[in-house]
Structures are given as C-alpha cells and as structure tokens.
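*Asks:* Given next are the chains, with one letter for each unit.
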Amino acid sequence: MFTIIDRRLNPKGKSLANRQRFLRRAKEQVMRAVRDQASKRRISDIDAGGEIGIPTGGVSEPTLHRSMTGGIRDVVAPGNKEFIEGDLIPRPPQGGGGRGSEGSPDGDGTDEFRFALTREEFIDLFLEDLELPDLAKRKLATTESVSWSRAGYSVAGSPTNLNLVRTMRNSLARRIALNRPKADAILALREEIDRLERKGGEAERLAELRAELERLLRKSQRIPYIDPIDVRYNRFEATPKPVAQAVMFCLMDVSGSMTEHMKDLAKRFYMLLYLFLTRRYKHVDLVFIRHTHRAQEVDEDTFFYSPETGGTVVSTALEEMRRVIQERYPPDEWNIYAAQASDGDNTSSDNARTASLLTQEILPACQYYAYIEVGGDPELSPAALHMGARETDLWRTYRQLLGDGVPLAMKQVRHRREIYPVFRELFAKDQQTQGASA
Amino acid sequence: MTVATIDTSRPLWEGADWDYDKVRRAYDAIEVVATRDLGLDTYANQIEVITAEQMLDAYSSIGMPLLYKHWSFGKHFARDEVLYRRGLRGLAYEIVINSNPCISYIMEENTMTMQALVMAHAAFGHNHFFKNNYLFRQWTDADGILDYLDFAKGYVAQCEERHGLAAVERVLDAAHALMSHGVHRYPRRRPLDLRMEEKREKERREHQERMFNDLWRTVPTKGGAHNGLSDRDRRRAVLGLPEENILYFLEKRAPRLHAWQRELLRIVRHLAQYFYPQRQTKVMNEGCATYCHYRIMERLHSDGLMTDGAWLEFLHSHTNVVFQPEFDDPRYGGLNPYALGYAMMQDIARICERPTQEDRAWFPDIAGKGDSMAVIRDAWANFRDESFILQYLSPNLIRRFKLFHVRDDAREPALTVQRIHDERGYREIRQTLARQYDIAWAESDIQITDVDLTGDRKLVLEHRAMNQIVLDEDDTRSVLQHLADLWGYEVSLEEVDAATGARLKKHTVGPRMILGA
Chain A
1 MFTIIDRRLN PKGKSLANRQ RFLRRAKEQV MRAVRDQASK RRISDIDAGG
51 EIGIPTGGVS EPTLHRSMTG GIRDVVAPGN KEFIEGDLIP RPPQGGGGRG
101 SEGSPDGDGT DEFRFALTRE EFIDLFLEDL ELPDLAKRKL ATTESVSWSR
151 AGYSVAGSPT NLNLVRTMRN SLARRIALNR PKADAILALR EEIDRLERKG
201 GEAERLAELR AELERLLRKS QRIPYIDPID VRYNRFEATP KPVAQAVMFC
251 LMDVSGSMTE HMKDLAKRFY MLLYLFLTRR YKHVDLVFIR HTHRAQEVDE
301 DTFFYSPETG GTVVSTALEE MRRVIQERYP PDEWNIYAAQ ASDGDNTSSD
351 NARTASLLTQ EILPACQYYA YIEVGGDPEL SPAALHMGAR ETDLWRTYRQ
401 LLGDGVPLAM KQVRHRREIY PVFRELFAKD QQTQGASA
Chain B
439 MTVATIDTSR PLWEGADWDY DKVRRAYDAI EVVATRDLGL DTYANQIEVI
489 TAEQMLDAYS SIGMPLLYKH WSFGKHFARD EVLYRRGLRG LAYEIVINSN
539 PCISYIMEEN TMTMQALVMA HAAFGHNHFF KNNYLFRQWT DADGILDYLD
589 FAKGYVAQCE ERHGLAAVER VLDAAHALMS HGVHRYPRRR PLDLRMEEKR
639 EKERREHQER MFNDLWRTVP TKGGAHNGLS DRDRRRAVLG LPEENILYFL
689 EKRAPRLHAW QRELLRIVRH LAQYFYPQRQ TKVMNEGCAT YCHYRIMERL
739 HSDGLMTDGA WLEFLHSHTN VVFQPEFDDP RYGGLNPYAL GYAMMQDIAR
789 ICERPTQEDR AWFPDIAGKG DSMAVIRDAW ANFRDESFIL QYLSPNLIRR
839 FKLFHVRDDA REPALTVQRI HDERGYREIR QTLARQYDIA WAESDIQITD
889 VDLTGDRKLV LEHRAMNQIV LDEDDTRSVL QHLADLWGYE VSLEEVDAAT
939 GARLKKHTVG PRMILGA
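Chains as they are written, first to last, in our numbering: chain A, 1 to 438; chain B, 439 to 955.
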C-alpha cells in the first residue's frame, strides 16, 4: 500500500543533457554575452563561472495565444473596497500594475533570459572560437614520443619481458601431453636399481630396470623441460603520443621607455595567452626573457617589477631565446609559443640582425610568434594617440616578415580594454585556415 | 494497518528532524484519518525522498520523473536554478505525479511537520482527486503513463541516433509550439471490438429480415449515387474536418512526414492530453488537497498525535498557502487557486452542516444535508473548475472575497465596474468567474477548416476570436511557421469574429524547410 524510496543517492545532473542542448541552441547569444562579460571582468577573474543574460529571442517557445491588448476583457478580482456598480476606473498604464490584466500563466515579462554558467562552461565558451594556429606538431605522424602499453603476449621478445607464468603453463601442458617421464619416477627407478645392485641377484630384473631407466632418460632428453615453443613474452605496443607540452616565451623590452602602463598591458596579454595554453596543453612552461641592450632570463617578479636601464637591442632577446630552446626545449618535443611586448624601439643598426634571427632561427621553431606593440595610455597622454600614425622601427622590421605560412602576428595595443579583442584577433580561427592553405 | 497499531497517547513526532520510522508512523496515522474520516479512495502511494537539486530537475521536466531530452527543459532548469539561488523563489514542498502507484516527492530539507503536511496534501489529497475526478479518469491512464514516458524517452533517443539531433529537435520544437492545440477536447467514439461488431451485424440482419419487403426493389431511384454534398463538404468529411486537434491532424494527414516524425508528434500529443485535465482543475485539485491536509492535520492535533509546536508550524505553512492578496496589493497576481479552492470546500461543508436562510435558497440540494464529505467527494468526482464554480460559489464567499467584475473594453477610455458583491451581482460574478476558468474561453478556438488537396495543398485554419481579441502577432507567426514546416505547404490562418463572422486578420506562412523531405 505504501512505499518510501530514498532517491537522494540517484545520479546527479539528470538534466545535464537538456542543459547542453540548450547551450548549443543558444550558442550565438551565449557567446556574445560571454564576450561582453569577459571584457568587463578582471583578468584574474577570467576563469570563474557567472550569471549571464541573453535576449529571449533565440530561445523563445512560441504558442498560439491571445494578444495581451485590445478587445473586451472581463475580469473578476478580489478585494473590492469602495467600488460600486458602474464606477469608472482609469486605465492603468500599459505594462505596469498587475491590476486588470489576466496575466498569462507562463509569460514572464522580462526581455532578458538570465541564467548561470559554470566555470568550465564559461571558459570553454570564452575560448571557443579561438583555435591555436598550426597545431601540426600535435599530429600523430610527426611526434617522436610514444607510450608503451601492455597488449597480450608474443613468442619473441627480450628476456626481461619473459612471462614466466605463461611459459611454464605451456611447458607443463606439453610435458603432460608428450608424457615426459617425471623426475620422481626416474628417482624411484634409480633407487630400485640401487637397492637391487646392493642386494645382488635378480640379474634379469636388474637388467630390465636398467633398460627402463635408459629409456626414460633418453625420453626426457628428447622432450626438454622448457622448449623454445613454450616461451612467451609480455608484448608491449607503442602508442604514439601527441606532444602535450608547450613552452611559452615572454619577451619584453624593459628599457626606460617602457612605462608601468605598458608593462601592465603586456602582463595582461601574457596572462591571457597562458590561460589559453593551459587549456590546450597538459603542461605549460613559462620562460621570461627581458632585455635592454642585453638580454637575460629572469623569474616572473623580476621580469615585471625590477627596474632596469639601458639601450634597446632586440636581437639580444632573440639570441637568449634561441639559447634556451637549444638547451632545454627541443622543438620536436615542445610546442613553442612566443609573445613579445615592446614599445617598438630598437637600435636601428640591430633591425637587420633581428629580422634574420627571427626568420632563420626563431620562427621555424615556433608554433606561433605574437608581437604586440604597447603604447601609452591614450587617456593619460593624448599625444600617444598619434603613435599609431608613426611606424616604429620594430614594427616596420616585423611587417616585412609577414607572409603566408609565417607564424607571426602583430598588433598594437594602447588600452586595457583592447587586450582581449587583440588576443582574439591574433588567435582567430581563420588565421589557422590561412596558415593551412599556405 | 488498523487503529490499534497507533499509540494514541503520545505525539507521532517531536522536533524538526525526520527519519523513516517517523514518516512511516505519520503516514499510517494520516491514512487512518483519510480513509475513516474523509472517505478518501486513493492509488497506492510511493513516496520518494529527493534533494533540492533533484526537485529543480523535476521542475524542469514538467514534473515528470522521466522525459525525453529537449533544450527547452534545460532552459527552464537554468532559469529556475538562477531564481532559486538568488532566493527569489522557494521550491515547492512537493510534486505529485498522476500515476499508479501515485508518486509524491518530498524534499530532504523539510521538517517532519512539513513531511506530514506534504503526505496529507499530495499522497492523499491529490491522489484521491487523480483517481476519482471524471476528467482524469477519462483522459489519463495512470497505470500506463510511466511506461509510456519510458517508451517516449527511448524512442526520441533512438530517433536522435538515427536521424540526428537537429532533425529531431526541429520536429519537437514544432510539436511543442502546437502543444496547446494538440488535445482532444471531447472523447471520441471508440471503435467497436469484434464482439460488438458481430452483435451489431446480427441485429441489423435480424432487422432486415423482419422488415423484408420485395417491393422496395422495384422502387425507381435517381441515377448515380449523388448525395447532394458539395466537393468541399465531401473533402472535409473524408479528412475529418473541421479538426481542432492540430497535432492529431498532422500526425494522421500531413502529406510529407516520415513515420518517425509522426510518432514524435504523437508522443507530444499524448503528453499534452495527459496534462489537459490538470489545466482544467487547478482550483479543484489544489482545493481538494488543501482541504484534505487541513482536515487530516486538524484531526491529528485534536487526537493528541501532533504537538502544539508542530500544529503552529503547520498553521504557518497552511496560511501562507491559502493567502489571497487583494487586487491593490503589490503581491496580487490573480486569484490564488489554493485560496479559492480551499475556501469553497470549507464553504460547502458549512452549507451542508450550518446553512443560513440564503444558502437554503441558493443550494436547496445540499443545504443542511449533514454529510458534508459525501457532497464534497461528489463534487471532486464530477466537476471541473468551471462547472464547480458555477455550481458551488456561494454569495457568502463572494462577499468574503469581495469579488467584483471589471470590464476592460479597448475602445473605452476607462474600465467599468460591472458588478460588485451585492444581491444584483452574485450570479453574474459567479458566471464571469466560472468562464475565466473555462478552458474553452481561456484558450483560443482554432480549427483546421480546409485543405486544398487538388490545388496547392494549402492548409486553412480559422480562429474564432472571442470578444474581438485577436492572436498575438509575433508568436502566431512563429507557430504558423512551425506548422507550415510540418505540413510542408503553405498555411493560412484567418481570424474571424465569433459573434459577427467579420474577418479580422489573416496570416499566411510558407514552409521554411520541409521537415519531411
């Protein structure tokens, strides 16, 4: 008559599939909302979930129902206080005031549909249409690294992989099948012969036993205890493993001309790139190289906060990067990304060297090389507005290197809010197709 | 389960915490009151304990324990979740499913008093209503619904595998849009089974033999079998037009749909039909459940099975539920079905037991009859909201609620108060209120009237607009778009004033993509 069931332990997330269908359905609007949100957020908050609102348009569920206006409507309402028959009540303003409207049961008047995204959903959507360019190194064919996994047994192999259990099992089966004399039987026969020899007499029986022993020994020699056909080895199969590690080089000019504002812009860009790479690769290394007229690999704090003075020679940084690659990050094992931030100054005599280093050494090893040119805050120094008009030395140098299939991208950034769009542009999907078609 | 098993000397539970033993004891005590005092007749009960998240889950899948997958359920879940997390909306204390056994969900966070209240409300009140009300008996199959949902879920998943998510989604979207017009409003004639058919055949033969007269053969007839029907009428008769169940018509007649698409339409149609009685009995269903829980809890308390503390906690929840804000209150959102239903049940009981002179004049059948439960049970079994209000809303209650009738005519600058709670107003207020709950008035009357089969296969629909209220323009266009996609050819909807026959508006939509192709 009555049962009580505890459903609390039932698997959670019964409506997960529905939720995914909904997100897919509203993808365009959700993406737009996520993008808007992301530009408002602080970078450090970028990987958190949050509530977003999307216009109801794309996910509306229309039904056939009467319009909310026009016609003659009769309503019965409770709580009459002073009205008497025939009273006139001024029409309440449209859209406001609950009175006089029947109120459709499921029409909620909001023009925005709000709901919460989890952290994973937010980040996935945030990075959705950014696809790293030239992921060729993740292709199986070109990977050097393999992982081994057990896959059955084989008849050949190295002695360390010998599978004793299998081998002995085969051996035992063969010995039983071929009726190899047991050691016990031979021992017993020997003792018998021994006993008879010592006792003397029964020469006929002795001869018989000796012949039997002879036969058994011959047979056990013919049928070896372990035959090569018994031997089994553990078999391992090589599974090619895509390179799932990346190294990110952060290059920055720290000469006196770089202001705190510029460094801040650069930092934000690096963080975004780092966040992006950690989504794609299991393991991401960071290398910080700062340079003035000489370059130096430093730790993060020094990189961003330690003051330094000197001239500006970009090629030194590239040389340092080449050194680090050679020492620690062979390009066939690592996906190499580089992001360089600079105000665009370079000693003019260095430009040719920088260009040749890039084209011949750095770019071939890199998956991607992003150069962002940071400018002064336009709100603080209106003069910097004109910066875009003047091409800097470095900009001119790099621009000549651009071309099909060259994994180089460059952008100018002057304000925090431009960081994200620039990042998007640099890593937009269509660049990948360009690179692939080249 | 007899009275003897319950120790009547001490309360069934104390404090807020619940455990299975307490729930079981409370259930047994409630059952005794429900069957002995109220004479309830229920399906077997299955009570399931769930978490808040599972409650949200259940919300989003329109309360059903299992349902096929569709994005709209995900959307509802997302919205409910935000509202719940922001604290804008609490969760319902219970959800009850019209099935046999009757499944009621209770939430783990509830206190023991709440669990008892929920059991009395859902497991007995709603359960009795589901089992006995004529609409539910006629339209829903409590025994088979869970199996059917299981089938539907499996079938939709299978279709998604074979035809792709997008294709299935398009059909379901279209079907959902037409769901409100995918119900049969009147029971159809059931096809005869073999034995009945034989019986009828035999009767006819006997009748013919008895009436045989060879002279009939000699009577000259007009040449040909022309029966005087026009082409249009004949076509409509063959197609079973006019037809108000749009989904049914599409399922049977749409020229371009595949079998699996028809089956999907059928699933949505069955679901709509299953919920059809619920939409017509909101006041009665909640009134029934609320009245039951109040009577049961009151009895438990007076028998000493409930502590005074629990009683006060119960009263707090109960009064919250039956609270009716007045029209000028910012909390006002229409008549609260719990409040109206509960008040009407109480009022009927009062009329039966302590009638006034007025009651005797208005309700000669039941006034002073004594056995109020019998009258109320009869009402639960044989009425729906509209007829129930028309029959049982008393002047006393109209005065208590201070009901008044306002007319909003778009052509006039101001609203007029038509009737108030006085001698002249009772009947009209009662009638207007009943009409407000009449599904035929609440929902637009849309029928498929014609199909041009020999021509361009255009599907013609007609909306008979009541009180000159036309359909919502934007939504109607989107729904007609879905309809045209399913039909595969052009669809037009004409809006006609029901009183005068004047044409008000016409929408025509061609298919955007042909789902059946």
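It should be emphasised that the hints constitute simulated quantities derived from the structure, not laboratory data. A quick note: this is a predicted structure, and the numbers were derived from the prediction, not measured. A portion of the hints provided could be inaccurate.
[Said to hold, decoys possible] Sample of chain A residues lacking proximity to chain B, with all beta carbon distances greater than 10 Å (derived):
1) M31
2) N163
3) S220
4) P307
[Unchecked claim] Below 25 Å or equal to it, Euclidean Cα-Cα: the simulated DSS-like pairs (lysine-lysine) are:
5) A:K27 with A:K81
6) A:K282 with A:K267
7) A:K12 with B:K591
8) B:K896 with B:K840
9) B:K591 with B:K690
10) A:K81 with B:K591
11) A:K14 with B:K591
We treat Cβ as the ideally placed atom computed from N, Cα and C, and that holds for glycine.
*Asks:* Determine for every hint whether it applies to the structure shown.
*Replies:* Evaluation of the provided hints:
no., hint, verdict
1, M31, "holds, 16 Å"
2, N163, "holds, 42 Å"
3, S220, "holds, 63 Å"
4, P307, "holds, 47 Å"
5, A:K27 with A:K81, "violated, 51 Å"
6, A:K282 with A:K267, "holds, 22 Å"
7, A:K12 with B:K591, "holds, 18 Å"
8, B:K896 with B:K840, "violated, 51 Å"
9, B:K591 with B:K690, "holds, 22 Å"
10, A:K81 with B:K591, "violated, 52 Å"
11, A:K14 with B:K591, "holds, 13 Å"
This entry does not satisfy hints 5, 8, 10, going by the numbered hints stated previously.
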